[in-house]
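S.K.: These are the residues of each chain, in order.
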Amino acid sequence: MRELAIHVLLPTLALVLGGCGEVWNNPYPVQEGGGNILYSAFTERPKHLDPVQSYSEDESEFNSQIYEPPLQYHYLKRPYELVPMTAEAVPRPRYEDAAGRTVAADSRRVAFSVYEIRIRPGIRYQPHPAFARDEAGRLRYHDLKREDLAKIHSLRDFPHAGTRELVAADYVYQIKRLAHPRLHSPVFGLMSEYLVGLKAFAERLKVEEAKLVAAGRKGVWLDLTQFPLAGVEIIDTHSYRIRIKGRYPQFAYWLAMNFFAPVPVEVDRFFAQAGMAERNLTLDWYPVGSGPYMLTENNPNARMVLERNPNYRGESYPDRGEETDAVDGLLSDAGKRMPFIDKVVFSREREGIPYWNKFLQGYYDFSGISSDSFDQAVRVSVEGEASVSPEMTARGIKLETSVGTATRYFAFNWLDPVVGGGQADAAARERARKLRQAIAIALDWEEFISIFANGRGIPAQGPIPPGIFGIKPGADGINRVVYDWKDGVPLRKPIEAAKKLLAEAGYPDGRDANSGQPLVLYLDTTDRGPGDKPRLDWYRKQFAKLSIQLEIRGTDYNRFQEKVRKGAAQIFVWGWNADYPDPENFLFLFHSAQSRAKFQGENAANYANPEYDRLFEQVKHMENGPPRQALIDRMMAILQEDAPWSFGFHPKDYSLHHGWVANLKPNHMARNGLKYQRIDAAQRERLRAEWNRPVLWPLGLLAMVLAASAAPAVIGWRRRERAKGRA
Amino acid sequence: MLAYIVRRLLYAIPILVGVNLLTFTLFFVVNTPDDMARMQLGIKRVTPEAIDKWKAERGYDKPLLFNGAADGGAKLTRTIFFEKSVRLFVLDFGRADDGRDIGHEIKTRMGPSLAIAVPVFVLGLFVTVSFALMLAFFRATYLDFWGVVACVAMMSISSLFYIIGGQYLVSKVWHLVPISGYAGGLDAARFLLLPVIISVVAGIGSSTRWYRTIFLEEIGKDYVRTARAKGLSEQAVLFRHVLRNAMIPILTGVVVVIPLLFMGSLLVESFFGIPGLGSYTIDAINAQDFAVVRSMVFIGSVLYIAGLLLTDLSYTLVDPRVRLQ
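From first to last, the protein sequence lines are chains A and P.
Counted the way the numbering used here counts, the first sequence spans residues 936 to 1662.
Counted the way the numbering used here counts, the second sequence spans residues 125 to 449.
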């Protein structure tokens, strides 16, 4: 036993503890200590990293550091502003009539919008084997046979890497990939409505794909450069042109998304070789870009690592922002070359408790705030101002708050005979409208935000969140159906007003005036677990204020989606996160052509109002300005009066970061923020050591407890053995 | 014995078909191919055409179990069930719904799962058998009484409590090991220390009580009285006779789980951030990835059948009277 201790246990213990350095609970390798490395975490593994398919924020966290679409959002300025990324300037559309003649922007003959984008010369891609060339200038790894891949398991196994300049053709190639028959771009449907020739191009590719399949060559690389796309053309090495049907000013926002990032044809061809996909060597797994970082480790089960792209051209940190940015120290690095951080390590954390504790120990540089840790982290003053708790302040932790470009709401299904507005009879429509208005008043979203969101939200006056054009501050911007303006703040109307509306709707005291039967409404939700009960009780209580019985139909997400899709849900809770900071991206949620039940669109409430539709058709193509604002005001009034939603709230995002992280400003549109951030690695190292000194007395105590527990057994054993001996 | 093994292996085929059918039915009762497509394609801007395309590419555009439009045997073979199931029997797991190779994932994740499961199994067995033997030795004394009380208390506490409590005390308050994470090679040891200890401690209560019951049953038998009458020490009686004769019920519970060690632990892997097969299964269920779910259930079934067969074989090793025919 003693030998076992000497030869096995002690060396193991020494190895375990010796590998930890000064602190024992550091989850990172000792060699990384003091490095210019940012540590973050992710909870959901990314499904797609191919920029033509990826559409979730989780995936964008990685892709947006790697890929460079032509435009980006200004990091500091609000309202959000588009600025060039790889483009030389933000393109202004030129308008053409049906014959291709240039016409004025406000001309009735506008048939096309033409965007010409010029890319800055000299931008180079990250090192990658797809670009590697041999001495003769031929691409090294473009004619690989299966046997060549025998020892290849990751991109690191290719001994050579190369690079090349970013050119306009790469952007054009990616736009063509939106229509690729083997890829599933979520924006293909939308883009094919606008991008000239994209639909026909997709049909052409389908035919070519069918030919390959018929020839027994399924899966062989489809060279998109061989097929022209009418609406997209290369002008010269660094310029390309995109032709859009009609006016679509929001198209510029799409140019800031990764769907329009460049993909080099060599890379697509490289990954399409036989045997690559079997080794998970795909563009969907290994993004290739010209951005500040490159993905050097992709293990979505454990960690993802981004490292500085050695070929990155370097951008300058912005020198202008909002008025308060200078005071907040956000302009201290103005004009300096980015990125500031060498490496970013994202670790997978499935559970909230380890994530939070590792943040407190200094092993993650940022953290969100879950409901469980809210009270520990945040103090909310009587005025509603949030600040970090004394415990967090003592650790130098800082709080960032921002209102998200999102909205949460209760939707009334327009097709429903009770709460909907699609009835043929005008009197029935009026009754339903008043019923919806009554419920909208009764649903106390201020209370909901306070109880269930820890105050993290702003009650919504309409679908458009603050910070986006179209919303009006002050008394002019409130929902007059639900709120009164008193003492400089919006005040929800008293419940009596709702009861009056309910009586006018034909349901005095929550009973049908004709039949005397109680009014029963149905809420479909995915909340059904024990943890959701308080929220469901709250919903019931809100309706009970009007003596309306609310039946909750809890179901799984799939069934819920199906019911909404089929227009079978009566009332349901839903939300929307903006794609881009334009009111059109919220107002289209009420356009009848977007009806979920009829056209599988994004109008989940299936709302339909011809006047609203007409106004929307005008508003969506307008530039921001007073004329657009006037139309939006009218649309908001229609929505507030019709109340297809009970406008809930715009969530407020709270996030924490340690004092050693600088230049952090929440940006709900841009995900490419890592290049702006800076850390003080020395301070982090010092504080980590201070916060994580191992506490050893429990080990001694444990040894004593174990010895004390074993002692009676040992004594008893010996006594018995001796007793037997004496016998 | 060879005939017995062959017969048992042949029995396994209908069992595996049945398990596969059950998994298939249960999965598609709550998920449709449309749901799966939506899960993969996202919520925003998904068109019906995109869903149809996704299903066609992955073979989910066919009927589930019976294809009335096909002829002859194709009525059964040109179905989702047949096409997705038949490859499993040659261990071709195909690709996950996100396009990644399942076999590759399993190979990658098996290591971390075993790294935690094997020490827990070996150490847990050693600790619980030793503790149970001690309680049996001190039967009907205050040591036995308080030992059983401690076991009942320990088995009454949720394993989640051990995990969260352990992480809180050992990692957060005492700073002795990392709270979660994983690293390859020898560096894995410091990440595995806490989950292994917690898993062993969490299993002590129930296992010790079970083994104690087995040992007490053996201790009451005539051969033990005879051994004592011969003047053997209690140590010799316990280790040489009682333990050996109690091996059959112990093996019944122990050998069957050995192959299942590959499958990992759902809860421990999730909380400690260990990228094993347990967390892979959880991720697949959350993502409604049928390809991964059926593969993991299939592997689990195969391993369980292998475990049962190994258990039967192990009987012949510990008890010469057992003959497999």
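Accuracy of the hints is not assured; some may be wrong.
[Claimed, not checked] Quick look at which bits of chain A chain P covers, simulated, 3 or more residues with Cβ under 8 Å:
no., region
1, 975-984
2, 1231-1243
[What the hints assert, rightly or not] Derived BS3-like pairs (lysine-lysine); straight-line CA-CA distance at most 25 Å:
no., chain 1, residue 1, chain 2, residue 2
3, P, Lys-168, A, Lys-1498
4, A, Lys-1498, P, Lys-296
5, P, Lys-179, A, Lys-1333
6, P, Lys-208, A, Lys-1180
7, P, Lys-168, A, Lys-1146
[Unchecked claim] Derived contacts from chain P toward chain A, CB cut-off under 10 Å, selection only:
no., residue
8, Val-170
9, Val-210
10, Leu-212
11, Leu-300
FYI, nobody ran anything at the bench for these hints, they're computed from the structure.
Please read all numbers here as calculations on a predicted model, not as lab measurements.
For glycine and all other residues, C-beta sits at the position ideal for the given N, C-alpha and C.
S.K.: Does the CB of Val-210 (chain P) sit less than 10 Å away from some CB of chain A?
M.R.: Val-210 (chain P) check fails; min Cβ-Cβ to chain A is 20 Å, beyond 10 Å.
S.K.: Verify the proposed pairing of Lys-179 (chain P) with Lys-1333 (chain A), using a straight-line Cα cut of 25 Å.
M.R.: Measuring from Cα to Cα gives roughly 47 Å; hence the hint is violated.
S.K.: With the threshold set at 25 Å, check whether the alpha-carbon distance from Lys-168 (chain P) to Lys-1146 (chain A) stays at or below it.
M.R.: violated (32 Å)
S.K.: For the restraint on Val-170 (chain P), tell me whether the closest CB of chain A is nearer than 10 Å.
M.R.: holds (6 Å)
S.K.: Does Leu-212 (chain P) pass the interface check with chain A, least Cβ-Cβ distance below 10 Å?
M.R.: At about 18 Å, which exceeds the 10 Å cut-off, the nearest Cβ of chain A leaves the hint on Leu-212 (chain P) violated.
S.K.: Is the straight-line distance between the alpha-carbon of Lys-1498 (chain A) and that of Lys-296 (chain P) 25 Å or less?
M.R.: violated (45 Å)
S.K.: Hint check: Lys-208 (chain P) vs Lys-1180 (chain A), CA-CA at most 25 Å. Holds or violated?
M.R.: Not satisfied, since the Cα-Cα distance of roughly 44 Å exceeds 25 Å.
S.K.: Starting from Lys-168 (chain P), check that the Cα of Lys-1498 (chain A) is at most 25 Å away, please.
M.R.: holds (17 Å)
S.K.: Apply the coverage criterion to the region 1231-1243 of chain A and chain P: a residue qualifies when its Cβ sits closer than 8 Å to a Cβ of the chain, and three qualifying residues are needed.
M.R.: Check passed, 3 qualifying residues.
S.K.: According to a criterion of three or more residues whose C-beta lies within less than 8 Å of a C-beta of chain P, is the region 975-984 of chain A covered?
M.R.: With 3 residues close enough to chain P, the hint holds.
S.K.: Min Cβ distance, Leu-300 (chain P) to chain A: is it shorter than 10 Å?
M.R.: Leu-300 (chain P) check passes; min Cβ-Cβ to chain A is 5 Å, inside 10 Å.
Consistency with the previously given hints fails for numbers 4, 5, 6, 7, 9 and 10, ordered from lowest to highest.
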